[in-house]
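Position chain B against the provided structure of chain A, taking the given hints into account.
Protein chains in written order, with the working numbering: chain A, 1 to 321; chain B, 1001 to 1265.
Hints were generated in silico from the structure; no laboratory data involved.
Be a bit skeptical, because a hint or two may be false.
[Said to hold, decoys possible] Chain B residues, not near chain A, derived (Cβ > 10 Å throughout):
| hint | residue |
| --- | --- |
| 1 | Phe-1028 |
| 2 | Glu-1034 |
| 3 | Leu-1057 |
| 4 | Ala-1061 |
| 5 | Arg-1064 |
| 6 | Tyr-1100 |
| 7 | Arg-1116 |
| 8 | Val-1185 |
| 9 | His-1211 |
| 10 | Gly-1214 |
| 11 | Tyr-1218 |
| 12 | Leu-1253 |
[Stated by the list, open to error] The calculated DSSO-like cross-link candidates involving lysine-lysine, where the alpha carbons are at most 27 Å apart (straight line), are:
| hint | chain 1 | residue 1 | chain 2 | residue 2 |
| --- | --- | --- | --- | --- |
| 13 | A | Lys-268 | B | Lys-1172 |
| 14 | B | Lys-1135 | A | Lys-268 |
| 15 | B | Lys-1068 | B | Lys-1172 |
C-beta atoms are modelled at their ideal positions from N, C-alpha and C, and glycine is treated no differently.
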Amino acid sequence: MEQMTDNRQPILELRHISKTFRTDDGREVRAVRDANLAVYPGESVALVGESGCGKSTVARMVTRLISPTEGEIILCGRDISKLEGKGLRDLYRDIQMVFQDPYSVFSPRMSVGTFLGEGLVHHGIMNRAQATEEAKTLLALVELPTELMDRMPHQLSGGQLQRVVVARAVSIRPKVLLLDEATSALDVSVQKQVLALLMRLRKELELTFVFIGHDLAVVRAIADRIAVMYAGMIVEELGSEDLTKARHPYTQRLLESVFSVHDRTNQKVIRVEDMSMAVNANALPGCPFRPRCPRAMDECGTACPALRELEPGHRAACPAV
Amino acid sequence: MIDMAILEIENYSITYDGLRSAVDNVSFSVEEGEIIGIVGESGSGKSTLLHGILGLLPRSAATRGSLKVFGKNIPSLSEAEQRSMRGTDMAVIFQDTGRYLNPIGRIGKQFWQYLRVHGDYTPQQAHDLAVERLKRVHLTDAERVLGSYPFELSGGMRQRVGIAMAMALQPKLLLADEPTSALDVTIQAQIVRQMMELRREYGTTIIIVTHNMGVASYMSDRIGVMKNGRLVEMAPAENVIYHPGDAYTRSLLDAVIELDDERMA
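Just chain A, with the same shape it has in the complex (with noise of 0.2 Å):
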């Protein structure tokens, strides 16, 4: 993928960006370190990971819920890390998001109608008037019967309603739709149609996807491209065709954990980890996954590995591979 896309520019760079947390009695977390990443226009990249990964956090911090401690973010050019105030809520008709529940965006007591209505009306693009026949369009753009224009939220469905933040988020047209576990919460059959709506609105809208998730199969199934992370960092990027053919232990542990439906008992070994407390893996000195590693090795303990390149389109951070 890479290799075609270099002589473009990306439309969404991650330069060297961190995040530092503070807990109350002092310690600081690093919840996301030194992670660089580039998504060219059009494409479909995803950040893939367990809770606590920092996925979510690369993912605010993008969309500048959060600014990064460190580094920066190029968005269309020019570097977002420290907008504020009116250049704020411009980056917003540049970049939208769509998290895992929408109940959280919906206010109970507006109309889907309304709710369709609100970017476009925010950002001065339509009056109230317009943006009413608007969103009819945009329920449609969704799959959605017009009739829903005057329901309220917990009149639809988790699926109906996913799909009208869809609808707003794309509504303003913004070059990046950023998907924070947009489909986890759905059941099978509704993630699926869901999943396939998306896939259909970023070739006719030409939107870039940023994609955030847990899910192995999904993440493949919809990126073009995959970057997994671990403690806080990127320790692998590769094709999403590439994804089984993963050198990095940690995402190789990943691929095993994922149950097949075609995995019968007979045919799958689970090796068995021992949990013990808390290791914050954030805090190690060296490979964050050095204590559950297979393959680790003196050096492991020392140096944080970065990432380097493995063929092209593919990088892993880990000196044993």
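Quick look at chain B alone, frame taken from chain A:
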């Protein structure tokens, strides 16, 4: 107990306030040592059914039909009789064990309190049993776990504590309600392995309710598929996965996104 089914359910329904049945005329039986997976989407009634087996339905629920665990008809037992079956005859692991633990009690004390319901355990006896059970679920620093508060443990560790407690008195029947759904994938794999070990080591019969078809397929001897309160299909897992007899089962399987599927992007 010889040749007796562990669980026998016949024309069993659960209704709330006389409205639509949450569980609708379900019949099946489970033999000793079997692992049964019950799958379905949200609202299918699969968790309600599990609560019915446990005798943990709210008072507003009305049941019809019969539901026998070890030959005893659960709905006709008194609350005290039902309570005495839980823990010794059957035990349960929920999606989030942490929610069922007292947040301000150390794990060790809660283990003791759990055991005391069923017998005269001194704190020392409870401690020794707890250490043994925790080590079996691969919590090697069991002493530290027992001295911890629930919030000090990770979700995966709490789930292992839940399994260790559920298995403390070696119940023959383990009911698991979405036991891995709140867990990360690598931890999920560990908990699945743990449950498989229970059958291997103790011959435990397991009924697992899950929306994860992969987990159900991996663990189960037989899979039951529920939709709108009805059991639309129940058959050996191989058959359900490779030759589903019901259209709904097929659509459910089709919706699962797998690592070797054609990509959508």
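Outcome of the hint check:
No beta-carbon of chain A comes within 10 Å of the beta-carbon of Phe-1028(B); the shortest separation is about 21 Å. Listed as a non-interface residue, Glu-1034(B) keeps its Cβ farther than 10 Å from every Cβ of chain A; the least gap is roughly 13 Å. Once the 10 Å rule is applied to beta carbons, Leu-1057(B) is consistent with being away from chain A; the minimum gap is 24 Å. A cut-off of 10 Å between C-beta atoms confirms that Ala-1061(B) is not in contact with chain A; the least separation is 24 Å.
Non-interface status of Arg-1064(B) relative to chain A is upheld: no Cβ of that chain comes within 10 Å, the nearest being about 28 Å off. With 10 Å as the threshold on Cβ separation, the claim that Tyr-1100(B) sits away from chain A holds: the shortest Cβ distance comes to roughly 19 Å. Even its closest Cβ contact with chain A, about 26 Å, leaves Arg-1116(B) beyond 10 Å, as expected for a residue assigned away from the interface. Its beta-carbon lying about 4 Å from the closest one in chain A, Val-1185(B) breaks the requirement of being farther than 10 Å from that chain.
Listed as outside the interface, His-1211(B) is inconsistent with that label: its C-beta sits roughly 7 Å from the nearest C-beta of chain A, within the 10 Å cut-off. Listed as a non-interface residue, Gly-1214(B) fails to keep its Cβ farther than 10 Å from every Cβ of chain A; the least gap is roughly 3 Å. The beta carbon of Tyr-1218(B) sits about 5 Å from the closest Cβ of chain A, which is not more than 10 Å, so the claim that it is off the interface is violated. A Cβ of chain A approaches the Cβ of Leu-1253(B) within 10 Å, the least distance being about 6 Å, so the stated non-interface status is violated.
With a C-alpha separation of about 26 Å, the suggested pairing of Lys-268(A) with Lys-1172(B) holds against the 27 Å cut-off. For the hint linking Lys-1135(B) to Lys-268(A), the alpha-carbon distance of about 24 Å falls within 27 Å, and the restraint holds. For the given pair, Lys-1068(B) sits about 14 Å from Lys-1172(B) by alpha-carbon distance, which is consistent with the 27 Å threshold.
Of the numbered hints stated above, those contradicted by the structure are hints 8, 9, 10, 11, 12, listed in ascending order.
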